[in-house]
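Per the working numbering, the sequence shown starts with residue 3, numbered consecutively.
Hints are computed from structural coordinates only; laboratory data are not their basis.
Watch out, some of these pointers could steer you wrong.
To be verified - Here are the computed distance ranges between Cβ atoms for each label pair:
| id | residue 1 | residue 2 | range |
| --- | --- | --- | --- |
| 1 | Q83 | D117 | 19 to 25 Å |
| 2 | R109 | R87 | 21 to 27 Å |
| 3 | A13 | G103 | 25 to 31 Å |
| 4 | A11 | S100 | 37 to 43 Å |
| 5 | R53 | R87 | 25 to 31 Å |
Backbone N, C-alpha and C fix where the C-beta goes; we use that ideal spot for every residue, glycine too.
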Amino acid sequence: MIKKLLIPAIALAATSVALPAAAQSFSISVGTTRAPAYGPAYAPAYDRYDRWTPMHQRVRVLDRHLDQGVRSRRISQRDAQALRRDAQQLVRLEAQYSRNGLTRWERQDLDRRFDALEARIRYELRDRRGRGYR
């Protein structure tokens, strides 16, 4: 009789100790910030957990996409250069905004502009006009 009650009681105690430990979040340190270990280490713009990713880092990712698009001939060199100019304007705008610290409105403005640029790049990479151009 005692054995029948003792085994479930031990199992319940072990489970009640293990569950809170399993619910803890897992993260890694990246530089001076902490990023979720289950996702990308650079924490993309839509999932920053209230951290600001500098525009020059975001633009670097877009540059890589544009380089790949030019190499695979999905986008013309001319279109890629125009999009790069627009990206550099965002970097300059961020520098202008951040002279006195970025306000919430300025961050949102930069996010909106970056999202629009990102959408234009996706469109250009898929419109097939770059085929055959160099």
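Do R109 and R87 keep their Cβ atoms within the hinted range of 21 to 27 Å? holds (23 Å)
Do the beta carbons of A13 and G103 sit within 25 to 31 Å of each other? violated (55 Å)
Between A11 and S100, is the Cβ distance one that fits in 37 to 43 Å? violated (60 Å)
19 to 25 Å as the expected CB spacing between D117 and Q83, which holds or is violated: holds (21 Å)
Are R53 and R87 spaced within 25 to 31 Å by their CB atoms? Since R53 and R87 have Cβ atoms about 27 Å apart, the given range 25 to 31 Å holds.
In summary, the numbered hints that this structure violates are 3 and 4.
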